[in-house]
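A.B. asks: For reference, the chains in residue letters:
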Amino acid sequence: MRFENLLKKMLAYPKIILAGILLVTVFFFISLKKNGRMETDLDKYMPQHHPAFVYSNEAEKWFDIKDSIIIAVENKDGIYNSQTLSKLKELTKALEAMKEIRKDDVTSLYTAENIIGSEDGLDVKAFYSKIPQSAQEIESIRNNVRANDMVYDRLVSKDETVSVIIARIDDDMFSQDFYKNLTSFVKKFEGPEKLYVAGRPIVEGSMAYLGPKDMKKMVPIVLLVIVAVLLFVLRNFKSTILTILVVFFSVIWAFGLMAALKIPAYAVSTMMPVMLIAIGVADGIHLFSHLHLFMTHNTKTEKEDAVYNMVKEMWRPVVVTSVTTAVGFISLLTSEVYPVKYFGLFTAFGVMAAMLLSLLLIPAGILVFGLPKLKKKNLAKERKEEIKESGFHESASKFILKQKPTVLIVTLLIMLISSYGMTKIWINSSFLDKFERDSDIVLTDKFINEHFGGTSTLNVVLEGKEEGIVKNPEVLSRILKMQTDLEDNLTEVGQSFSVADYIRRMNKVMNSDKAEFDKIPDSRELAAQYLLMYEMSGDPGNLWRVVTEDFKKANITFQLKSDNSKALHAAIDKVEKYRDFFNSKGITMNYAGSGYKGLVFNDLILEGQIKSVIISLFLVIGLLSLMFKKFSIGLIGSVPIIITTVISFGLMGLFNVPLSTTSALLASIAIGIGIDYAVHFIERYKIYASETGSIEKTVKLTMLHSGRAILFNAFVVIMGFLVLTFSVFPPNRILGTLVSLGMFTSLIGTLTVMFIMLHHLRIYFKKMK
Amino acid sequence: MKNNLTNNKMLTIALLFIFKANGLTADNLNGLQVVQKAYNKPEPKTQQAVLKMTLVSSSGGKRERILKQFVSNNGKTEKKIMFFEKPSDVRDTSFMNFSYDNGKPDDQWIYLPALKRVKRISNDSKGDYFMGSDFTYDDLGDRNPNDDNHQILKEEILKNENCYVVVSTPKDKNYMYSKTVTWIIKDKWLVMKKVFYDTDGNLLKTLTMTGHEKINGYWIRTGSEMINEQTKHETIMKLSNIKVNVSIPDSYFSERRMKRGIK
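These protein sequence lines are chains V and H, in that order. Position 67 (the first sequence) corresponds to 67 in this note's numbering; numbering is contiguous. All you need for this note's numbering is the position in the second sequence, starting with 1, plus 1000.
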């Protein structure tokens, strides 16, 4: 074998190897220190060339669509008093003065204009500008608000205890510092009023910040736990250190390369260390496990012999497992989402780095620092233990083989239940659902949604060919009908807003505020004249957020009380019913806004995920077949990971855990890591089959050698990932649970179903039969 | 050539220094006087014209309005009546505005033919933009010079016209502009260019005169362009078929006329 000889030649200079590894690591470390940066602008995560994004970004420009920060001021005794009204004014002015917010982008009861009709005219007035003092003045503000649907229930809650200030903000303006400033400055206005800050920019901003922050805290703990478990499993300090160094260096290499290529770290990249830790330790465990076994059988061995034997026997499974794992991650390149592509690419690089390091750093380390010491006096005991253990393995394998039908039936049953669970799985693009249910962000959002139309938005964009088409009464009425349809029939849709609301309001106002005129007028001319009048009397800036100046395009904003995909999809399904009508008028219908982009983004990630799972499955089957030169091995080897994937998704469906960007990535991870167990097992099985020629001996030895290492490996990784279940960030908890679970099912699947299949089909024994 | 330029620069700086020192122009006018001359320049008693207003949105979408306007000014009250001709769906909509010299807020009426009713409009809340354009009523020449403090910055030749450059800062700190810089043509007393700064001191709008004519002895601005530098929205106004001092009876500026139209 050429690769073996190459390794052997290189290992003649262990010190140089160590120095070289150290040098490369230092290089990557410096590059990481120098160029490493975290991408926090969420827009950079989106595939900007995707048609849905291109369109939405265009539409955002046409109508100046922005996300809003909502500040709610609650006074349990009602907001109509000088003090609360004064606070609303002060807060509005303070927000207007912030450099992150444009002055026109702040809306509150203080800035709102009240269009009032009278017999002879039309008055556009502020609800108040000086702080009202007399009860009479305050009462008149209350009455004006109640009479104005464009303000009542939008800026002031129906029970009159809460009023909101809405500050629209550009995506790139939001930062953690800004959020901190905002909350601390809002705090100053507390008492007796309670103040709440909510809105998508805050949810997004906090998420992009909290996830990685939590990971930063959790990774060292994961590492620590893994070190502890490794010490327990390997029973040796030197082996543990070398194994951990491999993992640690591979993480530095992966991030260092990213930094050297000037690619920033994204939120998903923060999962890389955990992935690489979980995958990387496997090589070390298997190498040392083999070494240990070799040493117990050859007590007087020289370190050179032990190391060469280890490399000779183990390089193949290490390479095969690493390549198959890397392939699983490489398949993520098919994703349209760049952060996911990078995640796949650099994790794959990290896996290959871990492989290289395992094959060089571990043997070179042993050669330089000596063999891990097996306590001599324990050797006898260890032998005894081994015999005991092999007895255990033997009886275990015998037991498994005896229970063949039971195992298969149970597996089949589990698969059936899981398949049923898979049908219940749903996708969630909600950002809010990623937070604790009792976190401030969720509670504030809930509070505002209870009192107002909703904190999330969906924009429906109509685009006609004919100039002024939006002024057509038929079109306007249909827009209004769509709005009421959604508002009345979907509990998640709170309110909506469009050019039709302006025209309806003008119609009512110009007809002495009579309720029967609260509708779209029949003539296009009247609609056009109302709009002209509004332009001449009101603030046309507001108008251009619902319609373009040529009246070819309109923007209908739906406010949703939830940002999860179910709510968005329900709204979209209803909106779609109106598409045909609009098309018949030469009007196309599209969606825009951050809520919609989030939805598309998630769908893209999931679509990519599913694609990549299928691709990697085929690639892994192909690779295994190629490497073991048997197609049946490819199929049998992939059984555990198929089981794992089905069970993971099935359980998610059964336990109502929605698929999200994090959980979707897990399938690739499960495949990448789960396949390793199968590879190690089959490799040993094959070797012992040709060495012993006896199926009984092969089973026993494989279970002893590989089964033990797999067990250790799974144990270490599961313990490490279980740490994540204590994370304060729910997505990281789900990650921890699902990876642990995936490892567990892969392990069981390998040692039961796959083992039974290998045995039953008498693979590697057919010729002898 | 290069030398020349430096000399010119030196001269300008020297001149600037002199002007800054005494705040007066070569004709011994101070900032306020220059602005007053422009504000009080001889105006015809009546004027009628066709106004073409083009609104250009930041994405390049254009809207065109064509109106016939009649203006009469007795020195105290400026009365204006306008009839829409285009776009067709607002044809015959009319608009009447009385603006007063004594600081009283403007009176405004609108007639909607589809509703067949004249309505008075009053707006005390926002910045009083003229018909949804980038011009405020103040920008159109309504602002009283006494509302600002004026300072002559320099004199400059702009498009072959000798101009005074005046910096004006409002006395009312809450005014929508924190500062304006105006180029006023000497002798003609027309505003050649004006730059507006928002309350944060950032450049907000630029007004440029694109045409002026002497009609019956009066200098009349026939074209102007206002660009909002922040939103990139633009308004282009052009006057044509201008007739001055054709008598228009005071009774013309009435609700009855608004309803009847120009026919």
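Note that these hints are calculated values from the structure, not bench results. Each hint should be verified, as a subset may be incorrect.
Some chain V residues close to chain H (C-beta under 8 angstroms, calculated; not the full set) [unchecked claim]:
id	residue
1	Asp-123
2	Asp-513
3	Leu-722
Simulated pairs of lysine to any residue, SDA-like, Cα-Cα distance not exceeding 25 angstroms [to be verified]:
id	chain 1	residue 1	chain 2	residue 2
4	H	Lys-1259	H	Asn-1102
5	H	Lys-1116	V	Phe-631
6	V	Lys-303	V	Ile-244
7	V	Lys-66	H	Gln-1230
8	H	Lys-1238	V	Pro-540
Quick reminder that beta carbons are idealized off the backbone N, C-alpha and C, glycines included.
A.B. asks: All the hints need checking, so say for each whether the structure fits it.
C.D. replies: Here is what the structure says about each hint:
1. Below 8 angstroms, beta-carbon pairs count as interface contacts, and Asp-123(V) has one with chain H at about 5 angstroms; its hint therefore holds.
2. Checking Asp-513(V) against chain H by beta carbon gives a least distance of about 13 angstroms; that is not within 8 angstroms, so the hint is violated.
3. The closest approach between the C-beta of Leu-722(V) and any C-beta of chain H is roughly 54 angstroms, which is over the 8 angstroms cut-off, so the hint fails.
4. Between Lys-1259(H) and Asn-1102(H) the CA atoms are separated by roughly 29 angstroms; this puts the pair beyond 25 angstroms, and the hint is violated.
5. For the proposed pair Lys-1116(H) and Phe-631(V), the alpha carbon gap of about 85 angstroms is over 25 angstroms, so the pair is violated.
6. Restraint check: the Cα-Cα separation between Lys-303(V) and Ile-244(V) comes to about 21 angstroms, which is no more than 25 angstroms; the hinted pair holds.
7. Our distance criterion of 25 angstroms between C-alpha atoms is met by Lys-66(V) and Gln-1230(H), whose separation comes to about 16 angstroms.
8. With a CA separation close to 22 angstroms, the supplied pair Lys-1238(H) and Pro-540(V) stays within the 25 angstroms bound.
Of the numbered hints listed earlier, those contradicted by the structure are 2, 3, 4, 5.
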